[in-house]
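Chain by chain, the residues run as shown.
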Amino acid sequence: MTADKLILGVPSKGRLMEQTADYFARIGLPYVKVGHDRGYRGAVETLAGVEVAYLSAAEIARHLQLGRIHLGVTGEDLIREHIADADERCEILARLGFGRADVVVAVPECWIDVSTIADLEEAAALFHREHARRLRVATKYMNLSRRFFAENGLTSYRLVESLGATEGTPAAQTAEIIVDITTTGTTLRANDLKMLEDGLILKSEACLVASRAAPSTAASREAMAAIRSTLVQVE
Amino acid sequence: MTAESAARFEALEAQAEQIMGVFAQTGYERIAPAFIQPADIFLDRIGEALRNRTYVFTDPDGQELCLRPDLTIPTCRIYLERNPSADVQARYAYNGPAFRYQPDGGDALRPREFRQAGIENFGDADRERAETEVLALALEAVRLAGLEQFQIHCGDLGLFGALLRALPIPERWRDRLLHQFWRPGTFHTSLRRLMSPPAAWRDDGIAALAASLDADDPLAAEQHVAAYLDAHGLTIIGARNIGEIATRLVSAAADMREEPLSDALVSLVERYLTVSGPPDAALDAIAALAREAGINLDEPLEACRRRQRLMREAGIDTGAMLFDTDFGRQFEYYSGFVFQLELPGRGIPGQIAGGGRYDGLLAAIGAERDAPAIGSAIHTERLLAATGGAP
Chain A
632 MTADKLILGV
642 PSKGRLMEQT
652 ADYFARIGLP
662 YVKVGHDRGY
672 RGAVETLAGV
682 EVAYLSAAEI
692 ARHLQLGRIH
702 LGVTGEDLIR
712 EHIADADERC
722 EILARLGFGR
732 ADVVVAVPEC
742 WIDVSTIADL
752 EEAAALFHRE
762 HARRLRVATK
772 YMNLSRRFFA
782 ENGLTSYRLV
792 ESLGATEGTP
802 AAQTAEIIVD
812 ITTTGTTLRA
822 NDLKMLEDGL
832 ILKSEACLVA
842 SRAAPSTAAS
852 REAMAAIRST
862 LVQVE
Chain B
67 MTAESAARFE
77 ALEAQAEQIM
87 GVFAQTGYER
97 IAPAFIQPAD
107 IFLDRIGEAL
117 RNRTYVFTDP
127 DGQELCLRPD
137 LTIPTCRIYL
147 ERNPSADVQA
157 RYAYNGPAFR
167 YQPDGGDALR
177 PREFRQAGIE
187 NFGDADRERA
197 ETEVLALALE
207 AVRLAGLEQF
217 QIHCGDLGLF
227 GALLRALPIP
237 ERWRDRLLHQ
247 FWRPGTFHTS
257 LRRLMSPPAA
267 WRDDGIAALA
277 ASLDADDPLA
287 AEQHVAAYLD
297 AHGLTIIGAR
307 NIGEIATRLV
317 SAAADMREEP
327 LSDALVSLVE
337 RYLTVSGPPD
347 AALDAIAALA
357 REAGINLDEP
367 LEACRRRQRL
377 MREAGIDTGA
387 MLFDTDFGRQ
397 FEYYSGFVFQ
407 LELPGRGIPG
417 QIAGGGRYDG
427 LLAAIGAERD
437 APAIGSAIHT
447 ERLLAATGGA
457 P
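Chains as they are written, first to last, in our numbering: chain A, 632 to 866; chain B, 67 to 457.
Do not rely on the hints blindly, as some may be mistaken.
To be verified - Taking beta-carbon pairs under 10 Å as the criterion, some of the chain A residues facing chain B (in silico):
#, residue
1, Y685
2, E807
3, I808
Since the hints were derived computationally from the structure, they do not count as laboratory data. Just so you know, even glycine gets a beta-carbon here, dropped at the ideal spot from N, CA and C.
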């Protein structure tokens, strides 16, 4: 990466990549890949001081935390999950209106006695006694879950990291409940799960985020000012 | 090891040897529990707060392991290996590192790899005597290391259980309050919530189902719930079984038929949790609360008073101790007397030493029965710093 430029991290895959490119084109900062088509570098045609880095959405969050990129587009869920003290280390410049997903706590639909976190806490305590182990929560959001449960007084549980097909874990009996993203709830229902009434952890969407830890150079400051003023005009 | 310099390493070792000498004189056998432990036992017992700080890893066989975050559970495992029925007395002492994640790698006084020198005392049925012995040894050890000024902060988690047992409330509420006791932040809400129906009751079908279940016939209750699930097209998935769902519906329905928890009882519990002061005065205050509420706490209070007498006989200045009824609420496996040696205002974080009774832990990790157990551990790095031994 070029040392003195402003580095903008954008998603390298899928819908999020396309929507992010559309967004920047719409606000007048279209970027294109530089060099090989399969490469991971790009440039903004209208702003010379910017280098575009194509990264995975989770990497963007980590790079923002460490200050390896100045700006990045990624889901708020990943920002809050991967960055401790996200509000101190980063600044959300804009919410982009796509990539919407809710991070929720979901339990089997057959748990007719459980519809709130308070119910869950009681059921979990009973489960702990009955099975001599804690209720397992499958999730890729280890930190978000831990924080949410601590704030809401749920303690008789144990997190199990799940990196895919989280909704299937209760049926497969590798976990009892899950914390996962949902947009319409269809996948939850298809897996015989239901969301708890007060189980909404985060309403997430794609965000343009600035790192407070990234090195500041004359070129990066100039590019940042240009981008900020573009954002103000868009609003 | 964390000791960065040879001098510091030697100072820590010399101090630890002195401490281990104190323990050995009273018959504590030196053991060396494994650093690497099965993760399950820890993660199921210690709760998410410490799990968060435990180094957990998977070995090539797929076994989930951890670096021991403390030495109490590893020592319990050695005791159980030698005495599976947990019915003999044993005294063990250890000195070695434990491992806990610290943000940003920790610092000299909160290292992620820290040492503990400690003791565990199993199977002594004379609880107050054993508690006195363990506290007295911790005091002797830190004094021998040169620590003169410190505060003994203590409490008794068993008293809260005794208070709940003495209250005229259903067993289920007692269980729930005992469970909630460990969550100071939400305890007040749970106390109030005992009087309101579960959220699921807003669904008339579920409320009616719950009301129709027979508490004395769990099998029939289970069949009723199964029929309800079937009729509503709800698939049964996961490890939580229908029996558990039925049990909760039955107990919630029973709650709804109970007299609500009176304001007087709520206030008694809340006032109990604010009692704080020198132990004798605190025990008097608890006795006064009990008298006022017309409940009998004579037996547990007499046990506490006996402990006070034994400690005085052992030369401990009990008048200088600080007793808090809600002390120890963050350590989930403790069950009775708990204590910490603290250095208020000395700029040394956390406690120098701590310990307590954990009578339920052995059974929880596989013993055939609950057995009396109490222990304490000294943070030797902090002790060295407090006695001016740090380079």
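Results for each hint:
1. Y685: 30 Å, violated
2. E807: Interface hint status for A:E807: holds (5 Å vs cutoff 10 Å).
3. I808: 8 Å, holds
Against the hints set out earlier in the document, a violation occurs for number 1 only.
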